[in-house]
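**Q** Top line first, the protein sequences correspond to chains C and B. The first sequence: position 261 = 263 (the numbering used here), numbered continuously. The second sequence: position 285 = 327 (the numbering used here), numbered continuously.
Just so you know, these hints were derived from the structure itself, not from any lab. By construction, the Cβ of each residue, glycine as well, lies at the ideal position given by its N, Cα and C atoms. Any given hint could be a false lead.
Rough simulated footprint, nothing fancy, chain B against chain C, three-plus residues with beta-carbon under 8 Å [what the hints assert, rightly or not]:
1. 37 to 48
2. 97 to 110
3. 197 to 204
4. 207 to 213
5. 262 to 274
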Amino acid sequence: MKARIKEKTGEPLTTVKGIKKYFIKKPSLLAKAITRQKDIVIKAVDDVNLEIREGEILGLVGESGCGKTTLGRVMLKLYEPTAGKIFFEGKDITYCNGEAVREFRRKAQIIFQNPYASLNPRKAVREIISVSLKNRGVNDPRQREEEILSLLREVGLNERHINNYPHQFSGGQRQRISIARALAMRPKFIIADEPVSSLDVSIQAQILDLLESLQEEYKFTYLFIAHDLSVIFYISDRVAVMYLGKIVEVAETVELFENPLHPYTKALLSAIPGVGMKKREKRIILKGAVPTPIDPPQGCRFHPRCFVKKGKICDLKEPTRIPMGNSHYVYCHLFS
Amino acid sequence: MDLLRITNLTTVFLTRRGVVRAVDHINLRIKEGEVIGLVGESGCGKSVSMLSILRLVPYPGKIIDGEVIFNGENLLKKPLTEMRKIRGKEIAMIFQDPMTTLNPVFRVGEQIRESLRIHGIINGNHGEKKRVFSWFANKARREFEQQRVMKLIEEVELPSPEERYHQYPYELSGGMQQRVLTAIALSCEPKLILADEPTTALDVTVQAQILELFNRVIKKHRTSMILVTHNLGVAAEFCQRIGVMYAGRIVETGPTNKVMENPKHPYTCGLLRSIPKISKKRVRIKPIPGNVPDLVELSHKCAFYPRCEKASPVCEEKEIELKEVEEGHLVHCALSK
């Protein structure tokens, strides 16, 4: 059974510093003229710093609208950041072009959430995976064929299905195809964006098991994005919790679940139905819903719903990263 | 005395490919004030079971066997005009996705009020709708209904009740919409609520809020509830008894703690082992191999046979019966004693 990675394994593989991603919706000229409507700014990711070490699985968890998917896509250069820098293997790749981007893309891959939307419905499995292999430089068709068959075996698909089209597969099987497609590039870094959320419970287990086995064998670095805390607990070495575009806490998995510090993390863990790590005293029920990232609250984003607010400072000033020892960091005024 | 007693309920869908046995001879009992869970994966028949109770199964579905005894009467034998009096009034339903359940062109308050209007609830009197065309009588009725709706909106803890009444569903978040559905379900004070995956589409903190709301409401009104879910954690926390469904059959049923701690059916065991749990020691999950069978081509006496690690020739010998392994804990398996 995989032991969790405890020690620092040297240089981080990928780092993001001060990443912001704002989506701006401009009203039409007419609307501006008549009603003086302003631009709508969605602050999906607002000043995030994160580093992922080589060989580790970092879990990124948060509820809908917290910005985790957007952050993942920025890290993979699928979106251009509004501000901030992205480093990969020590190099600044934020604004690079051409060959540099292609090289990055060979080493960093993604598995998307929706198995029904992430495969080209007009291409057979063979073609889908061939694209990856050609990009990697496998030019001999016979060699490609061999590799495709080997990949299909590796992800648990029947080799006979090599000519089938996506619609002929189930959700779980399509995810396996997506995994094979990513694997074909022999990447160093894989972002798994909620890869099991839309799958049934027993299929979830199969895919998680597959991702775990592949990681054990190839020692990939994963950014695993999910909203299901039990899945995050199971697969991650370290966990980062996001709320409304910001990271609120980062710690090693067991440490986070046993000793959550940020009030939001506590509420999140307390909300998990069924079993908890300790005998739960009283469940923390947050009031209200998550506010929209269009007009986030001033100061600490969580203060309107916080049940242990420190005082005025929470309304006015944004908390900074506070190291709590043991690789545990929290962004909260209670600890400053 | 049982509030609801289902025996041998069987619902099939007559399709061109063949007959799909969506619900296959299920048995279920629920008392007043009890909460039972129906747990299973997609396609196991739990939603169709709920629809069958209210006879809302869409074409080409057909209920072909069994009895649904509610308050002493068999719902399957009632004329449809009588069923209309039961749906929404005696037995209410909360559906899975609030955004598609609420009517997008009507205001929220109006939708909650609709239930009261249709069932002729006047001044707390669940009587027949009086055909009085006097404007004054109708005014009193409208005012009463509006007041009652406001009370319901407050009971489900929607903030700013006056504003909410006049809002459209799209103006509310998922959690708030689900509260509106709960208000609609509660409006006529039903004896039984069927909740079909009410929290699946919601975030985990919102889910906690909604479950807490259900808890409070059920205790206050002594309503019974059948909660359909694929989340074993939700079932574990919320339900007193659970039934595990697979391929249209209830394969195991019993008090929640007994079924979770001492599962007897191989599918239940497999399911529990395949779900990641948060605990002191990280345990490697063990997935169940294979896929859920095609419900048209069920060729074995036990639907789980092809995926079962304990499968043996005994399983194919004769019809499998429901056996009681300990008090209140029943299992549908050839290998249990």
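**Q** Do three or more residues of the stretch 97 to 110 of chain C come closer than 8 Å to chain B, measuring C-beta to C-beta?
**A** violated (count 0)
**Q** Are there three or more residues in the stretch 262 to 274 of chain C whose C-beta lies closer than 8 Å to some C-beta of chain B?
**A** The restraint on the stretch 262 to 274 of chain C holds, since 5 of its residues have a Cβ under 8 Å from chain B and three suffice.
**Q** Do at least three Cβ atoms from the stretch 37 to 48 of chain C come closer than 8 Å to Cβ atoms of chain B?
**A** Violated: only 0 residues of the stretch 37 to 48 of chain C have a Cβ under 8 Å from chain B.
**Q** Are there at least three residues in the stretch 207 to 213 of chain C whose beta carbon sits under 8 Å from a beta carbon of chain B?
**A** That given contact holds, which follows from 4 residues of the stretch 207 to 213 of chain C lying within Cβ reach (below 8 Å) of chain B.
**Q** Count the residues of the stretch 197 to 204 of chain C whose Cβ falls closer than 8 Å to any Cβ of chain B, and tell me whether that reaches three.
**A** The restraint on the stretch 197 to 204 of chain C holds, since 3 of its residues have a Cβ under 8 Å from chain B and three suffice.
In this structure, the earlier hints numbered 1 and 2 are contradicted, and the remaining ones agree with it.
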